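K.L.:
Each chain is listed here by its residues.
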Amino acid sequence: MPSLPALASRRLEFDFRDYLHECKESGDGGSASKDFTHDEILERLKEFTGVEELS
Amino acid sequence: MNAVESNVEHVVEPEFFAKLQEQANMLVGQPYLFSRVTYGDELTIHFGTERAHTHSKLAAKVRGSHVLSLRGSAWMLRSGVNPVIIGCGITPSMSFNPKPFNVTALESGAHIRPGARVSKAIPIPVLPMKSVGLIVDLDDGSAFTILPTPASGNDEDGLEEPCDWELLAPHEWLRVGPGATMKTDPV
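Heads up: the protein sequence lines correspond to chains L and V, in order.
The opening position of the first sequence corresponds to residue 1 in the working numbering, with each subsequent residue numbered one higher.
The opening position of the second sequence corresponds to residue 1 in the working numbering, with each subsequent residue numbered one higher.
Source of the hints: derived by calculation from the structure; they are not laboratory data.
Since we're looking at a predicted model, the values are computed, not measured.
By construction, the Cβ of each residue, glycine as well, lies at the ideal position given by its N, Cα and C atoms.
Any given hint could turn out to be false.
[Said to hold, decoys possible] Computed cross-link-like contacts, BS3-like style, restricted to lysine-lysine with a CA-CA straight-line distance of at most 25 angstroms:
{"id": "1", "chain 1": "V", "residue 1": "LYS183", "chain 2": "L", "residue 2": "LYS34"}
{"id": "2", "chain 1": "V", "residue 1": "LYS183", "chain 2": "V", "residue 2": "LYS19"}
{"id": "3", "chain 1": "V", "residue 1": "LYS130", "chain 2": "V", "residue 2": "LYS120"}
{"id": "4", "chain 1": "L", "residue 1": "LYS46", "chain 2": "V", "residue 2": "LYS120"}
[To be verified] Which residues of chain V face chain L? A few of them, derived with a C-beta cut under 8 angstroms, are:
{"id": "5", "residue": "GLU50"}
{"id": "6", "residue": "HIS53"}
{"id": "7", "residue": "LYS57"}
{"id": "8", "residue": "ARG117"}
{"id": "9", "residue": "LEU127"}
{"id": "10", "residue": "LEU168"}
{"id": "11", "residue": "MET182"}
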């Protein structure tokens with residue numbers, strides 16, 4: 001699996017992985033057998049953090 | 001399989017192991033809580049005390065105060081309460097036919113005594129990758145073995161290769177690998 005973008009909080013980074021897993025389990029984007037693309041991950045990161053613009 | 005050898009001090013410095021052992025000792029005495037799969041089919045093993053997720057989107061989930069995340073590493077659990085071995089990515093060299101490896105069996109919680117505590121957490125050198133695995137013994141006789149696997153090499157986004165395994169504790173974040181490297185950061 002590719003690295004995920006670094007988050008400000010280490011615990012948030014762990015939580016974000018759980019969030020991505022929840023998204024996949026619920027069929028929210030991507031395919032069942034593939035990981036999200038980097039762009040898809042960034043989209044979910046925006047959802048997760050509520051930040052619109054990621055640097 | 002001859003991937004694990006104990007006498008590889010020429011590959012991994014003893015001082016490195018001493019330092020890593022000190023970090024791994026954060027797990028000793030912590031009770032096992034549960035295991036679950038997270039994104040990328042990575043296994044996370046939760047120890048310590050249950051904590052609620054702080055994020056609203058994960059309100060239904062709890063996690064342990066100490067989370068061992070295996071990233072892309074192979075793993076195996078030898079149950080101390082049932083005659084089974086389960087895992088992923090490891091083929092044990094045994095004369096009997098082990099149960100099929102699957103995560104569901106581990107997630108069910110049936111193979112570790114509730115409340116079993118970590119009695120030892122021992123970093124181990126792993127050849128030929130010059131990397132570092134981990135053995136976690138529980139006081140019910142169960143034991144996890146974690147062995148790093150070769151890098152995928154398909155990180156098309158140019159991000160750095162993830163670590164082999166990591167431990168998130170209340171005040172510290174330990175990352176081990178890739179290779180014989182470790183990094184600690186405050187949480």
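K.L.:
The hint names V:LEU127 as touching chain L; please verify it with the least Cβ-Cβ distance against 8 angstroms.
P.N.:
At about 24 angstroms, which exceeds the 8 angstroms cut-off, the nearest Cβ of chain L leaves the hint on V:LEU127 violated.
K.L.:
Given V:HIS53 was flagged as interface, is its beta-carbon under 8 angstroms from a beta-carbon of chain L?
P.N.:
6 angstroms, holds
K.L.:
V:LYS183 and V:LYS19 were given as a pair; does the straight-line alpha-carbon distance stay at or below 25 angstroms?
P.N.:
11 angstroms, holds
K.L.:
Between L:LYS46 and V:LYS120, does the CA-CA distance stay at or below 25 angstroms?
P.N.:
With a Cα-Cα distance of about 40 angstroms, the restraint between L:LYS46 and V:LYS120 is violated, given a limit of 25 angstroms.
K.L.:
Does the closest beta carbon of chain L sit nearer than 8 angstroms to the beta carbon of V:ARG117?
P.N.:
22 angstroms, violated
K.L.:
Against chain L, is V:GLU50 within 8 angstroms by beta-carbon distance?
P.N.:
At 14 angstroms from the nearest chain L Cβ, V:GLU50 fails the 8 angstroms test, so the hint is violated.
K.L.:
Compare the distance between the alpha carbons of V:LYS183 and L:LYS34 with 25 angstroms, and conclude whether the hinted pair is satisfied.
P.N.:
29 angstroms, violated
K.L.:
For the hint on V:LEU168, does the least C-beta distance to chain L fall short of 8 angstroms?
P.N.:
Holds, because the Cβ-Cβ distance from V:LEU168 to chain L comes to roughly 6 angstroms (cut-off 8 angstroms).
K.L.:
Given V:MET182 as an interface hint, is the shortest Cβ-Cβ distance to chain L below 8 angstroms?
P.N.:
15 angstroms, violated
K.L.:
Using Cβ atoms only, decide whether V:LYS57 comes closer than 8 angstroms to chain L, and label the hint accordingly.
P.N.:
Holds. Min distance 6 angstroms.
K.L.:
Given the hinted pair V:LYS130 and V:LYS120, is their alpha-carbon gap at most 25 angstroms?
P.N.:
Holds, at about 22 angstroms.
In the structure shown, a violation is registered for the earlier hints numbered 1, 4, 5, 8, 9, 11, in ascending order.
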